[in-house]
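*Asks:* If you want the building blocks of each chain, they are given just below.
2 protein chains.
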Amino acid sequence: MRLSRREFSKLGAMGLAAQVLPSASSEAQDANRKVGYCVIGLGRIANHFIGGVQGSSTSQITGLVSGHRDKAEKFAARLGVPKSSIYSYEDMDRMRDNKSIDAVYVALPNSMHAEYTIRSAKAGKHVLCEKPMSTSVSDAEAMIAACKAANVKLMIAYRLHYEPTNLRAIELIRQGALGKVQVIESANGFYENLGEWRLNKAMSGGGPMLDVGIYSLNATRYLTGEEPESFTASVSTIDHDGRFDTVEENTTWTTKFPSGALASCCTTYGANMRSYYRVYGSKGWLEVGSFGYEGLRLQANYSSGGRGTPATVLDEPNTEPDPKQFTRQADHFTECILQNKTPKTPGEEGLRDMQYMQQIYKAAGVVAL
Amino acid sequence: MRLSRREFSKLGAMGLAAQVLPSASSEAQDANRKVGYCVIGLGRIANHFIGGVQGSSTSQITGLVSGHRDKAEKFAARLGVPKSSIYSYEDMDRMRDNKSIDAVYVALPNSMHAEYTIRSAKAGKHVLCEKPMSTSVSDAEAMIAACKAANVKLMIAYRLHYEPTNLRAIELIRQGALGKVQVIESANGFYENLGEWRLNKAMSGGGPMLDVGIYSLNATRYLTGEEPESFTASVSTIDHDGRFDTVEENTTWTTKFPSGALASCCTTYGANMRSYYRVYGSKGWLEVGSFGYEGLRLQANYSSGGRGTPATVLDEPNTEPDPKQFTRQADHFTECILQNKTPKTPGEEGLRDMQYMQQIYKAAGVVAL
Numbered sequence: 001m002r003l004s005r006r007e008f009s010k011l012g013a014m015g016l017a018a019q020v021l022p023s024a025s026s027e028a029q030d031a032n033r034k035v036g037y038c039v040i041g042l043g044r045i046a047n048h049f050i051g052g053v054q055g056s057s058t059s060q061i062t063g064l065v066s067g068h069r070d071k072a073e074k075f076a077a078r079l080g081v082p083k084s085s086i087y088s089y090e091d092m093d094r095m096r097d098n099k100s101i102d103a104v105y106v107a108l109p110n111s112m113h114a115e116y117t118i119r120s121a122k123a124g125k126h127v128l129c130e131k132p133m134s135t136s137v138s139d140a141e142a143m144i145a146a147c148k149a150a151n152v153k154l155m156i157a158y159r160l161h162y163e164p165t166n167l168r169a170i171e172l173i174r175q176g177a178l179g180k181v182q183v184i185e186s187a188n189g190f191y192e193n194l195g196e197w198r199l200n201k202a203m204s205g206g207g208p209m210l211d212v213g214i215y216s217l218n219a220t221r222y223l224t225g226e227e228p229e230s231f232t233a234s235v236s237t238i239d240h241d242g243r244f245d246t247v248e249e250n251t252t253w254t255t256k257f258p259s260g261a262l263a264s265c266c267t268t269y270g271a272n273m274r275s276y277y278r279v280y281g282s283k284g285w286l287e288v289g290s291f292g293y294e295g296l297r298l299q300a301n302y303s304s305g306g307r308g309t310p311a312t313v314l315d316e317p318n319t320e321p322d323p324k325q326f327t328r329q330a331d332h333f334t335e336c337i338l339q340n341k342t343p344k345t346p347g348e349e350g351l352r353d354m355q356y357m358q359q360i361y362k363a364a365g366v367v368a369l
Numbered sequence: 001m002r003l004s005r006r007e008f009s010k011l012g013a014m015g016l017a018a019q020v021l022p023s024a025s026s027e028a029q030d031a032n033r034k035v036g037y038c039v040i041g042l043g044r045i046a047n048h049f050i051g052g053v054q055g056s057s058t059s060q061i062t063g064l065v066s067g068h069r070d071k072a073e074k075f076a077a078r079l080g081v082p083k084s085s086i087y088s089y090e091d092m093d094r095m096r097d098n099k100s101i102d103a104v105y106v107a108l109p110n111s112m113h114a115e116y117t118i119r120s121a122k123a124g125k126h127v128l129c130e131k132p133m134s135t136s137v138s139d140a141e142a143m144i145a146a147c148k149a150a151n152v153k154l155m156i157a158y159r160l161h162y163e164p165t166n167l168r169a170i171e172l173i174r175q176g177a178l179g180k181v182q183v184i185e186s187a188n189g190f191y192e193n194l195g196e197w198r199l200n201k202a203m204s205g206g207g208p209m210l211d212v213g214i215y216s217l218n219a220t221r222y223l224t225g226e227e228p229e230s231f232t233a234s235v236s237t238i239d240h241d242g243r244f245d246t247v248e249e250n251t252t253w254t255t256k257f258p259s260g261a262l263a264s265c266c267t268t269y270g271a272n273m274r275s276y277y278r279v280y281g282s283k284g285w286l287e288v289g290s291f292g293y294e295g296l297r298l299q300a301n302y303s304s305g306g307r308g309t310p311a312t313v314l315d316e317p318n319t320e321p322d323p324k325q326f327t328r329q330a331d332h333f334t335e336c337i338l339q340n341k342t343p344k345t346p347g348e349e350g351l352r353d354m355q356y357m358q359q360i361y362k363a364a365g366v367v368a369l
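Protein chains in written order, with the UniProt record's numbering: chain Y, 1 to 369; chain W, 1 to 369.
Check the hints yourself; a few may be wrong.
Since the list gives no way to pick out one identical chain from another, each pair is judged satisfied if it fits inside one copy or across any two copies.
[Claimed, not checked] Simulated pairs of lysine to aspartate or glutamate, DMTMM-like, Cα-Cα distance not exceeding 20 Å: (1) Lys341 with Glu171; (2) Lys180 with Asp239; (3) Lys148 with Glu348; (4) Lys362 with Asp239.
Because the hints were derived from the structure by calculation, they are not lab data.
For clarity, every value in this text was computed on a predicted model and none was experimentally measured.
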């Protein structure tokens with residue numbers, strides 16, 4: 001919707017301008033300026049994101065939120081962020097008045113996603129939130145509602161939706177290169193150590209399903225282009241060494257899609273598991289052998305011309321180094337902000353995975369999320 | 001139990017000799033002679049078996065059962081089997097009087113396993129029966145009962161229980177090289193063509209689960225050394241091209257073992273699927289990349305000395321050509337016959353898989369087997 005200046009003024013007088021404005025501040029209208037991000041939480045993944053934004057021509061880091069002022073000041077000095085744009089968790093709501101901050105990147109433990117997304121929205125900032133979106137379906141719904149009420153955009157950081165190897169896999173499937181998708185296998189998991197926040201359900205919301213299994217779950221959805229019809233699942237805990245007092249250790253599940261395509265997936269915190277997906281279609285298969293930040297590689301072998309047609313064999317490594325995926329992700333959200341578009345992975349995408357993970361737990365006899 | 005000649009005569013007078021005799025005919029007592037096998041059904045797998053027996057120093061082919069006399073006579077000429085030892089399906093019960101036949105190898109479509117196992121048992125022959133053991137749990141039970149009643153041995157042809165690469169995988173797991181087994185992934189499937197007997201439920205008993213999925217099911221049992229506690233499963237049929245009018249196309253399932261180890265498995269007749277298993281333990285992983293007749297290969301990577309210990313990396317191809325697996329399998333059954341031992345994979349092993357497959361179908365909402 002485009003409004004004339006006069007129409008807009010009228011809406012302003014009616015108190016409705018905010019509802020048609022594409023973004024929180026009218027500065028976002030200037031498609032040539034850089035969008036400023038405030039990073040909330042300066043942990044490991046925040047470093048990847050910051051590196052990604054540094055490689056972007058449309059985004060920049062303009063604010064930091066941390067519980068450690070010293071640490072934040074070091075980041076600020078390196079990134080050229082003024083000290084006045086460093087906030088604590090307590091006073092971050094003040095960023096409402098900071099015009100250099102258009103959006104926040106929520107890189108906190110899962111249980112804090114909802115609170116900081118909602119507070120950021122109330123401060124008038126667009127929100128890019130890490131996955132899993134939250135630790136409960138109701139929190140995810142509240143996050144969407146808060147961003148809608150504040151008229152800010154909400155994107156969940158599903159970086160692989162913007163990553164060329166995954167986009168190539170999706171393209172091959174949509175083109176019918178593999179024929180009809182029959183079965184997808186996927187795994188993602190790692191050995192987690194005692195003391196890590198992921199093993200504390202109050203912070204993580206659950207076991208490996210939320211942190212890494214979500215990659216397999218989400219991949220089966222974008223690969224098929226379908227929404228799951230049903231799930232079956234098993235969960236277990238084998239090690240009683242203090243690590244799994246509050247979250248489960250292993251989960252295996254099956255997904256059935258409306259087309260009949262099935263997925264067979266597993267995740268764990270008890271073993272270093274290979275991360276990959278492999279799609280079997282009636283005419284051949286493809287595999288992407290990592291959900292990582294770099295080193296992705298698509299391999300495929302199919303005869304889409306029918307029986308007897310020589311096989312097409314693909315082996316396409318993605319040589320883009322980390323943090324290029326984060327640049328692509330930030331660029332997308334920035335574009336959405338500047339051009340008033342809905343992100344490819346909005347809050348609703350995160351909510352769906354929360355609902356599906358709830359169903360997977362339920363299928364395994366566990367009440368969660 | 002050893003009996004003196006006098007004690008044995010007494011039992012014979014009481015009609016009980018058959019119950020203490022280790023085998024159907026007293027000739028089997030001679031540990032130096034070759035055990036004679038009659039092959040029932042001269043299809044693809046029978047050729048592998050015959051090749052395997054030809055490579056054995058303790059077994060030989062001494063009879064044939066076929067519906068095609070011409071075909072059987074060609075086989076007989078090649079194998080040195082007298083024409084008098086060729087039977088039709090109708091008259092095969094006459095082999096009771098053929099002393100050169102100690103055992104049969106049942107290589108028929110699944111639905112015929114029960115009838116020909118039971119008839120062979122009644123003819124006083126030991127039975128080596130292909131897997132799946134039958135097309136119903138009750139048939140499997142009847143087969144075991146018939147062999148017991150006739151005092152003949154029954155072995156199900158789980159050839160991988162006798163195959164070095166699989167034995168090596170089991171050994172590594174039992175030694176604790178991988179630590180505690182957390183999750184096993186396994187797949188096995190292929191694109192099946194219209195008109196094949198496997199797609200006719202009356203002959204096959206069901207879809208890919210019975211023919212190839214059974215490898216994954218059985219492997220997760222011998223790898224963990226445990227019996228499944230529960231299953232979850234999904235089945236689907238995507239292609240409505242006449243192939244799947246009576247059997248399902250795809251199955252994915254999860255298995256939970258008492259230790260907490262989980263398995264994530266899939267099978268299909270709708271796609272050429274890689275056949276493999278991969279075991280993830282707390283200290284590393286191993287993979288065997290085929291359930292085939294040859295070309296098996298064990299790969300592994302583990303640090304069983306604990307964290308920081310250099311990883312042990314294994315890459316051990318099995319270079320034994322087909323039909324060596326069949327030689328090993330025949331040798332085992334022959335040894336059991338000659339030495340009056342219970343096979344490693346007796347009827348009860350086949351029955352268990354039938355019961356588990358029934359549970360997998362039930363978990364998917366299908367009444368079968």
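*Asks:* Now tell me, hint by hint, if it's right for this structure.
*Replies:* Consistency of the hints with the structure:
Taking the shortest alpha-carbon separations for Lys341 and Glu171, neither the intra-copy value of 22 Å nor the inter-copy value of 58 Å comes in at or below 20 Å. Taking CA atoms no more than 20 Å apart as the test, Lys180 paired with Asp239 passes between copies only; the shortest distance there is 8 Å, against 40 Å inside one copy. In this assembly of identical chains, the alpha carbons of Lys148 and Glu348 lie at most 20 Å apart only when taken from the same copy (12 Å versus 62 Å across copies). In this assembly of identical chains, Lys362 and Asp239 lie within 20 Å of each other by CA distance neither inside one copy nor across copies; the values are 22 Å within and 30 Å between.
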